[in-house]
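Novice: Here is how the chains run, residue by residue.
Protein chains: 4
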Amino acid sequence: MHVGFLGMGRMGAGMAANLLAAGHEVVVYNRTPAKAEALAVKGATVAANVAEACRAGVVFTMLSDDEAARSVVYGEGGVLASLPQGGLHVSSSTISVELSRRLASDHAAAGQRYAAAPVFGRPDAAAAGKLFVIAAGAKDALDAASPAFEAVGQRTFRVSETPEAANLIKLSGNFLIMSVIESLGEVMALVGKGGVDRRQYLDILTSTLFSAPVYKTYGELIVEEKFEPAGFAAPLGQKDIRLALAAAEELNVPLPVASLIRDRFLRLMAHGGQSLDWSAIAGLSRKDSGE
Amino acid sequence: MHVGFLGMGRMGAGMAANLLAAGHEVVVYNRTPAKAEALAVKGATVAANVAEACRAGVVFTMLSDDEAARSVVYGEGGVLASLPQGGLHVSSSTISVELSRRLASDHAAAGQRYAAAPVFGRPDAAAAGKLFVIAAGAKDALDAASPAFEAVGQRTFRVSETPEAANLIKLSGNFLIMSVIESLGEVMALVGKGGVDRRQYLDILTSTLFSAPVYKTYGELIVEEKFEPAGFAAPLGQKDIRLALAAAEELNVPLPVASLIRDRFLRLMAHGGQSLDWSAIAGLSRKDSGE
Amino acid sequence: MHVGFLGMGRMGAGMAANLLAAGHEVVVYNRTPAKAEALAVKGATVAANVAEACRAGVVFTMLSDDEAARSVVYGEGGVLASLPQGGLHVSSSTISVELSRRLASDHAAAGQRYAAAPVFGRPDAAAAGKLFVIAAGAKDALDAASPAFEAVGQRTFRVSETPEAANLIKLSGNFLIMSVIESLGEVMALVGKGGVDRRQYLDILTSTLFSAPVYKTYGELIVEEKFEPAGFAAPLGQKDIRLALAAAEELNVPLPVASLIRDRFLRLMAHGGQSLDWSAIAGLSRKDSGE
Amino acid sequence: MHVGFLGMGRMGAGMAANLLAAGHEVVVYNRTPAKAEALAVKGATVAANVAEACRAGVVFTMLSDDEAARSVVYGEGGVLASLPQGGLHVSSSTISVELSRRLASDHAAAGQRYAAAPVFGRPDAAAAGKLFVIAAGAKDALDAASPAFEAVGQRTFRVSETPEAANLIKLSGNFLIMSVIESLGEVMALVGKGGVDRRQYLDILTSTLFSAPVYKTYGELIVEEKFEPAGFAAPLGQKDIRLALAAAEELNVPLPVASLIRDRFLRLMAHGGQSLDWSAIAGLSRKDSGE
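Protein chains in written order, with the numbering used here: chain V, 22 to 312; chain D, 22 to 312; chain Y, 22 to 312; chain C, 22 to 312.
Think of the hints as simulated: they come from the structure by calculation, not from any bench.
Incorrect hints may appear among the rest.
All copies of an identical chain are treated as equivalent in the list; a pair is satisfied when it fits inside any one copy or across any two copies.
Once the Cα atoms are required to be at most 27 Å apart in a straight line, the calculated DSSO-like pairs of lysine-lysine come out as [stated by the list, open to error]: (1) Lys214 <-> Lys160; (2) Lys237 <-> Lys308; (3) Lys151 <-> Lys56; (4) Lys247 <-> Lys308; (5) Lys247 <-> Lys151; (6) Lys151 <-> Lys237; (7) Lys308 <-> Lys214; (8) Lys247 <-> Lys214; (9) Lys151 <-> Lys63; (10) Lys237 <-> Lys214.
Since we're looking at a predicted model, the values are computed, not measured.
Chain V on its own, in the form it takes in the complex:
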């Protein structure tokens, strides 16, 4: 494939590197050029601007939030203006359901194709090509992007012909991770204060009913209260719970656990938690228990 890739953050850089490693021709662009240059040594062409990267006809975006995505797509010389007729925009960013819907509509109006393909996995999984890709869009669009999905991920799930469905799945998945963090935080505060060894307790959980990566990864951080450096920064978690709640509000679905998590983040931010890992909300339970 000949593919443009916009956004060379830790996730995007890993994905682009795996596209290159799989033999694809990749034109990268990043607002801060240095990050794009780093990919040049791996064989990427560095574009001078968004438009140049769009010439590939297929362009991936992996950006930090709605604002960044809107700017790259709708800005002057942006994706919408630059992608050729019939071109394909694959959005892997964790953006709102609402923006994804709008992108689908605006690309269609412009005679372009659009698919959403957010991913599950942290930067190390992106670097290792071990992401899980949640892909939604028209069959031909997903077929076209399929080799790229294979290069960046260990498995692709095609979930819907409506792109925004993939974003809803991504956001709800992140909510579910946060609900695990919150619950683990509460339960660790409880058993630890009750005299149980937290590490052994975690071992029991992950050896029995809770033998899933999410419990191992976050259980470890919570037992150690090791919330720095951030693997996934708290403000990003806060953004995702906000977007999950926004999607739920549009659908009239109350999510009380998500509301609780939202409040946790506000409190964390009010106390300077901006640079902590999102799992730091679990530390509030222990704090409230007086430890």
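Based on these hints, arrange chains D, Y and C on the given structure of chain V.
Specialist: What follows is chains D, Y and C alone, placed relative to chain V:
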């Protein structure tokens, strides 16, 4: 071992059967005799009363709640009155931290030994000898009970010399399961109303970060809204969240997710949910979303 | 005073009528002309468009939400474009803190003055000139608007030189009303199911510690479950709790009771509560109790 | 009337003093004799034990909690054993619905009469004879106690023939007060951090829709963050929310705001709040906002 076993509910019957299968000599007792008789065909001796079962010197109890446990231990001819000096009571029931502490103290005062060994696993795991045993108590008591633990479980965790620690772990584990049920209920309400296929969504979860039995088991029930027949009845779940909250109250540990789950059960009970599975609280999220 | 008035909903019409009654010269405008015509019989001049009303030099806006306010201010021929240099815009609408801040900034940039003057009181209080006016802005602006405040309200509170402070007070006040509604809903569900006569209970409350209008007004509606016709429609309450939460999010202030109320509204909306009074969220507590 | 009075805490002492002032003959008893002696100078007879006070035939109890009430009623030489046939026990303590029900049943079985008459008002109201009395029980019992009610209170509400109904009203009333405290805490955290003067804000509230004593009293404490000395100690508030939740659990009525308040108290207690006023839970909102 020569062991008494009090309580032939679905859990106790499975455990006793595995003790027999492992070659131990088992004297069983149940308030309703018919359930005890069923074990006779597998080689158990059926005791006429609690005292008779206690003569074995080591006695397991697997009873439904604090009230049943109190009655069997403190009642006339109960365990406390009947167990010989130096005898051992192993409580596998899911009882309160407070009662377990009291049992430890009262058995010690009576010159008897006491260990708590609640288990994780549903009746099918009990029948298969695949329980996880959470054992706490003095080393000699746990050593003495060890062959029995091996017979009923796939793994034993020795967690503390203080028996009640095992009960705290059991209750907090059940709280954690319920937090998964609640979160899954919310998230399934959201994605389903958003047009995502719930079964495929569950498949994504359990193929990726949430590949643990608790997500598979309860995810399935929640997708199907199959809350009858009850594998674990809602009133038992309600009891366990009550006991987890009681333990947390004694330790001054707020558990907001547990509070939320407690309220779910009250609502379920107010609408006749007594005979449903505890995962039925997840159905309330879908109901609130108007589906 | 010579004053323009934009927005002839139930609140705006009452306010404009009292301005007229107090002898002020009032130019009214409403998107739907019929509502403006109704004021003509009371002596108002009906403007053909926003710009015409702005010629008075002082213009009040009383609009339903941010969207309406944005459209009237920023639209073509809107307040920003039409108000003369040194002119004054007094916004009485219940809008977001964020929009109020933006209005202050944009009017200043345009050489115009801006004050926020949201009000407490329902349509009957507006009709009676018995509103409470929460005014914020520069002293000269508030002085200039002062005769108008006196005409529409029974009392004016000058709270800050920063206009958005008045909006924060209005939103937080509405949140406080909703918290009363929610608490009353819960407590009425409890005592009623416990056999207490709800009407007598309300009488006890309002005769003792809770002798405030908010308890009388909403207590009555909740006891009677009389949620139609809407005095203040549920979608407006939902909007206000959303705006209160947005203001709190910007300030990093968790509001758990507001989060709970937000979820109540989602559930109400999912079940077709759009035309009910905002106090209908109290009915959910009784419903959850199985009554 | 000739009346015994058990419990000379701040509430009981004030009530007994007003009974004396009204000309009734009062026999007082307190576990710690010094507090009873203080009433002797006002004309009370000091009883040596509970039984002696019960000889009056009508005995009031005003004790701190269920445990104290149980001990005084069911202990050796207690009210149940000492009250004559046809004697009347009027319980003014804030006790559980469950205990009140049990008292009604046990007194009836003993051929005695029982009424519940909890009161609203703080110690200063008790001293001033300005309490509100919530009375429930058989008509003849309430008639008999009526002169006493008149002496201690400014108004008596007869609410039910079932004594426990009065206790439910008292507990739910205290819950409602706590919900005001919680909401005020949240809203004060919000507006204050948003730059609004908290004192002026409170003035606005209490001058408009929230012109009730409960807002004035607690608003003042919350604005000043003056949580010491305790007018009503936090552990008593915690007890009352626990009893309200227990009553609600028995009736299957979820009370999410009460659950939230319960969690607030746990956190307060975990941080040494035992000697603070119950309104100190409001301080947690400000703390969470980073102030």
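Novice: Each hint needs a verdict: does it hold in this structure or not?
Specialist: Structure-based check of each hint:
1. Lys214 <-> Lys160: So lysine 214 and lysine 160 pass the 27 Å test across copies only (23 Å; inside, 53 Å).
2. Lys237 <-> Lys308: within (22 Å within a copy, 32 Å between copies)
3. Lys151 <-> Lys56: Within one copy, since 21 Å is at most 27 Å while 52 Å is not.
4. Lys247 <-> Lys308: both (14 Å within a copy, 23 Å between copies)
5. Lys247 <-> Lys151: The answer is within: 25 Å in one copy meets 27 Å, while 34 Å across copies does not.
6. Lys151 <-> Lys237: both (18 Å within a copy, 22 Å between copies)
7. Lys308 <-> Lys214: Both: 11 Å inside a chain and 22 Å across chains, each within 27 Å.
8. Lys247 <-> Lys214: within (18 Å within a copy, 30 Å between copies)
9. Lys151 <-> Lys63: within (19 Å within a copy, 51 Å between copies)
10. Lys237 <-> Lys214: within (21 Å within a copy, 31 Å between copies)
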